[in-house]
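Participant: Chains A and B are the protein sequences, given in the same order. Quick note on numbering: the first sequence equals residues 1 to 624 in the working numbering. Quick note on numbering: the second sequence equals residues 625 to 870 in the working numbering.
Hint data in this document are derived by calculation from the structure and do not stem from the laboratory. Do not take every clue at face value.
To be verified - In silico DSS-like cross-links for lysine-lysine, where the CA-CA straight-line distance does not exceed 25 Å: (1) A:Lys190 x A:Lys33; (2) A:Lys465 x A:Lys519; (3) B:Lys636 x A:Lys465; (4) A:Lys471 x B:Lys636; (5) B:Lys712 x A:Lys471; (6) B:Lys739 x A:Lys471; (7) B:Lys725 x A:Lys575; (8) A:Lys312 x B:Lys687; (9) A:Lys167 x A:Lys292; (10) A:Lys519 x A:Lys562; (11) A:Lys465 x B:Lys703; (12) B:Lys778 x A:Lys573; (13) A:Lys575 x A:Lys506; (14) B:Lys778 x A:Lys506; (15) A:Lys471 x B:Lys802; (16) A:Lys583 x A:Lys515.
Said to hold, decoys possible - Computed footprint of chain A on chain B, listed as stretches where at least three residues anywhere in the stretch have a Cβ under 8 Å from a Cβ of chain A: (17) 639 to 648; (18) 738 to 745.
Glycine is no exception: its CB is placed at the ideal position from the N, C-alpha and C atoms.
The residues making up each chain are set out below.
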Amino acid sequence: MKKIFGLLLFIVCVAPMTMRAQDTPTLTVSAKKQVVVGERFQVVFEANAEGKNFSAPSFEGFTVVGGPFTSTSSSFSMVNGSMSHTVKCTYTFALQAYKEGTFHVGPASLTVKGDKISSEPFDIQVLPDDGSHANASSGASGGNTSQGSSSSNTNDPQVSGKDLFLKVIPSKKTLYVGEQMMLTYKLYTKVPVSSLSVDKMPSYAGFWTKDISDNNGSLRQTSEYVNGVEYTVAEIQKVIVVPQRSGALTLDPMSIECIAQVRTESNRRQSNDPFDIFFNDPFFNRNIVNVKKELSTSTVTVDVKSLPANQKPDSFAGAVGNYNFRSDIDKTELKTNEAFTLTLTVMGSGNIELLQMPEPVFPPDFEVYDPKITVSPNVTAQGLSGTKKAEYLVIPRRAGNFNLAPVEFSFFNPANGTYSAIQSEAYSIHVEKGSGEEGDGSIYASNQEGIKYLGSDIRHIMTGKAQLKPKHSVFFGTPAYFVILLAMLLTFIVLLLVSKKHEQQKQDTMANRNKKATKVARGRLKRAEQYLKVKDQDNFYIEMSQALWGYIADKLGIERSKLSMDTVSEAMKEKNVPDDLTKQFIDTLNSCEFARFAPGSAEEKMGDLYQKGIEVITKAERVL
Amino acid sequence: MSLLLAVPMGAKAQQEAQQWFEQANAAYNAGSYDSALMLYNRITAADLESAPLYLNMGNTYYKMHEYPMAIYYYEKALKLDPSNEDVKTNLAIANLAIVDKIEEVPQSFIVKGWKGLGNALSGQQWTVLSLVAFALLLVAAFMFLRSRRMGLRKLGFFAGIFFVLLFALSVVFASQQKRASLKEDQAIIMTPTVTVKSTPNEASVDLFVLHEGTKVEILDQADGWNKIKIANGSIGWLQAETMLPF
Numbered sequence: 001m002k003k004i005f006g007l008l009l010f011i012v013c014v015a016p017m018t019m020r021a022q023d024t025p026t027l028t029v030s031a032k033k034q035v036v037v038g039e040r041f042q043v044v045f046e047a048n049a050e051g052k053n054f055s056a057p058s059f060e061g062f063t064v065v066g067g068p069f070t071s072t073s074s075s076f077s078m079v080n081g082s083m084s085h086t087v088k089c090t091y092t093f094a095l096q097a098y099k100e101g102t103f104h105v106g107p108a109s110l111t112v113k114g115d116k117i118s119s120e121p122f123d124i125q126v127l128p129d130d131g132s133h134a135n136a137s138s139g140a141s142g143g144n145t146s147q148g149s150s151s152s153n154t155n156d157p158q159v160s161g162k163d164l165f166l167k168v169i170p171s172k173k174t175l176y177v178g179e180q181m182m183l184t185y186k187l188y189t190k191v192p193v194s195s196l197s198v199d200k201m202p203s204y205a206g207f208w209t210k211d212i213s214d215n216n217g218s219l220r221q222t223s224e225y226v227n228g229v230e231y232t233v234a235e236i237q238k239v240i241v242v243p244q245r246s247g248a249l250t251l252d253p254m255s256i257e258c259i260a261q262v263r264t265e266s267n268r269r270q271s272n273d274p275f276d277i278f279f280n281d282p283f284f285n286r287n288i289v290n291v292k293k294e295l296s297t298s299t300v301t302v303d304v305k306s307l308p309a310n311q312k313p314d315s316f317a318g319a320v321g322n323y324n325f326r327s328d329i330d331k332t333e334l335k336t337n338e339a340f341t342l343t344l345t346v347m348g349s350g351n352i353e354l355l356q357m358p359e360p361v362f363p364p365d366f367e368v369y370d371p372k373i374t375v376s377p378n379v380t381a382q383g384l385s386g387t388k389k390a391e392y393l394v395i396p397r398r399a400g401n402f403n404l405a406p407v408e409f410s411f412f413n414p415a416n417g418t419y420s421a422i423q424s425e426a427y428s429i430h431v432e433k434g435s436g437e438e439g440d441g442s443i444y445a446s447n448q449e450g451i452k453y454l455g456s457d458i459r460h461i462m463t464g465k466a467q468l469k470p471k472h473s474v475f476f477g478t479p480a481y482f483v484i485l486l487a488m489l490l491t492f493i494v495l496l497l498v499s500k501k502h503e504q505q506k507q508d509t510m511a512n513r514n515k516k517a518t519k520v521a522r523g524r525l526k527r528a529e530q531y532l533k534v535k536d537q538d539n540f541y542i543e544m545s546q547a548l549w550g551y552i553a554d555k556l557g558i559e560r561s562k563l564s565m566d567t568v569s570e571a572m573k574e575k576n577v578p579d580d581l582t583k584q585f586i587d588t589l590n591s592c593e594f595a596r597f598a599p600g601s602a603e604e605k606m607g608d609l610y611q612k613g614i615e616v617i618t619k620a621e622r623v624l
Numbered sequence: 625m626s627l628l629l630a631v632p633m634g635a636k637a638q639q640e641a642q643q644w645f646e647q648a649n650a651a652y653n654a655g656s657y658d659s660a661l662m663l664y665n666r667i668t669a670a671d672l673e674s675a676p677l678y679l680n681m682g683n684t685y686y687k688m689h690e691y692p693m694a695i696y697y698y699e700k701a702l703k704l705d706p707s708n709e710d711v712k713t714n715l716a717i718a719n720l721a722i723v724d725k726i727e728e729v730p731q732s733f734i735v736k737g738w739k740g741l742g743n744a745l746s747g748q749q750w751t752v753l754s755l756v757a758f759a760l761l762l763v764a765a766f767m768f769l770r771s772r773r774m775g776l777r778k779l780g781f782f783a784g785i786f787f788v789l790l791f792a793l794s795v796v797f798a799s800q801q802k803r804a805s806l807k808e809d810q811a812i813i814m815t816p817t818v819t820v821k822s823t824p825n826e827a828s829v830d831l832f833v834l835h836e837g838t839k840v841e842i843l844d845q846a847d848g849w850n851k852i853k854i855a856n857g858s859i860g861w862l863q864a865e866t867m868l869p870f
């Protein structure tokens, strides 16, 4: 702007003064020294005298879009009686740069009154297109940088893309998943804009977004220089976006529609009315035309990197940013059924609203209510930050000492590309038995409760002896199995035979004794009879007793060592001897024994016993 | 008895296998399942097997999240020792991790009771029991035949009847388990998804879809195809390479 004004000043003020000198005709050139590829601009050659044979330099590196447009003006002025005549010839070229680089523009020449005058050669630097001109270069009559005295015809109500454009400025081009990024939508304008409305909001596929623009009606306006040109800049929208997946994500363009107020110079109506003249003054005489213009930003592609997989802590739950973490507990000494509060606080910069709070693990006997989560976000120029709190109200139901394991919160810090993990304090909680144990009987009718299973898993491996054996070796049905069975059977048979034989032998001896029993008894009785005759009491009773005992023992097969009254009566009962005979036999035995150890009994008693003995033996002989 | 049952083989080889077993268990406990599996496989490669070995292999596969293989080895362990509670529990848990959930055909309580009784002891235990029952039977018979006391003879008689029955039962169950262990008439599906066909032909009708880890019973075999039956009674044909018989 200032340059242009300077030039104008030069033209308006200095030129006539030099004209007055009227000595040397000059050819000056004015053009932008720096242009952008695709930009249209003007090169103006100006001579202060009329001349002919204007020869233009070859504009190498540029396309001549139009020109040369020639215009001549002359003026006469009388100052202090001296008249001066001023002539101004301009030759205007419209050029367009099509490739970048620095190009030399040679001198143009003009013949004035036979003398050839030349302009200064100069260089034009063509800069690469920086994107902002993609829209800008589409303007129709490009390069009308000044609407002042230069004779460009802006009668057609158009606003060039250079005068009014929309730009999106991402705060970064590459970022991690979950990392926040700010997008600023700015409207650059050189013309007044009366209203604007957003046509299409970007969809932000793959992003979590938060609009943080504080447009409470009025847009904040600043001024900014772009390529050395001053623009009025209005921030239309400021959005924080957080990519939720990795890859090259594209941000759709935003398009707005705005109404620009373009001032057009009215056709100067020649009028003598002083008011008219006054209002025809360029200062007032500008019609304002509303031009509807649709603007859109270019699409922006950001490269979203996925979070590094290595060294990712187990507790990592997707938090990206720079955080601090701590925990607070209001009391660690309490009674059963009293509540305590555990507060976990995460503060720092990052997407605090989506942040997943770490969850503490409480002992199973604790009653834990759902945490109360409060978020106090804070939006600054750096992006989102704030504090997130989770308050756990916990009621221990059982007395005892409990340990609260520390809670770990981990996050990824995109600034240095590493994971960090912060552990909270570990608490030991001492719970005493409260007095109101019965008070909450409505909840706990009885103090008993089932075992709480906390998880399930397969049973552990078997250790110790492997008990290995060859595959498919089943002992059942093998020859060895049958051999064992057979061996047992053979043992059984052998044992049976041996036992049978033994029995046989035993029986044989018994039968022998049985057979001989009568004979032996008879011999003994005979000897007793002889003792009876000689009245030898002692020997008589010995013989009688032996005859009776011996007979019954042999007959019944009782061994001598086991011989007694009881065994005899039992054995006789087994052999189905009538009870009266058994009684008689036992009585005889009894009286015999009695007489034997009680001396001094009568002789007739001996004879009586002898008769009784013969009688029972005879009777027993019949039965046995 | 175990001395008697151990078919003579190199005592040194047995000792070595036991060492592998212990090393593999240590590797399992340390969480290095790959090396544990390698060592267990070395034991099976030596043609040795046991229920503890198969249980541990199943556990190793379970921890490696290879559930079909885990189920395969649990089933193998159960075949050797049908009453092992650890194996039964782990098999039930592993079966929760597979896709197919098949409702079993309900069995009458008599069949269930008979099977339960037969699986109460392992084949080897039934074999031992049959020998013990036989020995006691002979003792009872001897008592009955040779005792002169009436009470002992009565005792011998009833004990003899009891041991005859016990012997018969254990012989039946032992032979059943032997038949089952020698016959590979069950299999675990190892292919992630297979379609059961109506005939042993790729072009035949699709009947139903099975997923890896499902147990099937092999009823018949025909040129690379197996006629299979699943727990709910459905029958169809599958290619033999999709399953691992045991």
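Participant: Compare the distance between the alpha carbons of A:Lys465 and A:Lys519 with 25 Å, and conclude whether the hinted pair is satisfied.
Facilitator: With Cα atoms ~74 Å apart, A:Lys465 and A:Lys519 exceed 25 Å; violated.
Participant: Could you grab the alpha-carbon distance between B:Lys636 and A:Lys465 and see if it respects the 25 Å cut-off?
Facilitator: Satisfied, since the Cα-Cα distance of roughly 15 Å is no more than 25 Å.
Participant: Against the 25 Å threshold, does the CA-CA distance of A:Lys167 and A:Lys292 hold or violate the hint?
Facilitator: holds, 18 Å
Participant: Straight-line Cα separation of A:Lys471 and B:Lys802 no greater than 25 Å?
Facilitator: holds, 12 Å
Participant: Does the structure keep B:Lys725 and A:Lys575 at a Cα separation of 25 Å or less?
Facilitator: The given pair, whose Cα atoms are some 76 Å apart, is violated under the 25 Å limit.
Participant: Does the alpha-carbon distance linking A:Lys312 and B:Lys687 stay inside the 25 Å limit?
Facilitator: Answer holds: A:Lys312 to B:Lys687 is near 22 Å, not above 25 Å.
Participant: Assess, step by step, whether the Cα of B:Lys739 is no farther than 25 Å from the Cα of A:Lys471, and give holds or violated.
Facilitator: holds, 24 Å
Participant: If you draw a straight line from the CA of A:Lys471 to the CA of B:Lys636, is it 25 Å or shorter?
Facilitator: Measuring from Cα to Cα gives roughly 17 Å; hence the hint holds.
Participant: Against the 25 Å threshold, does the CA-CA distance of B:Lys778 and A:Lys573 hold or violate the hint?
Facilitator: Between B:Lys778 and A:Lys573 the Cα gap is close to 21 Å, so the pair holds against 25 Å.
Participant: CA of A:Lys583 to CA of A:Lys515, is that 25 Å or under?
Facilitator: Holds. A:Lys583 to A:Lys515 sits at ~24 Å (cutoff 25 Å).
Participant: For A:Lys519 and A:Lys562, compute the direct alpha-carbon distance and say whether it is at most 25 Å.
Facilitator: holds, 22 Å
Participant: Under the criterion that the straight-line Cα-Cα distance not exceed 25 Å, is the pair A:Lys575, A:Lys506 satisfied?
Facilitator: holds, 18 Å
Against the hints set out earlier in the document, violations occur for numbers 2, 7, 18.
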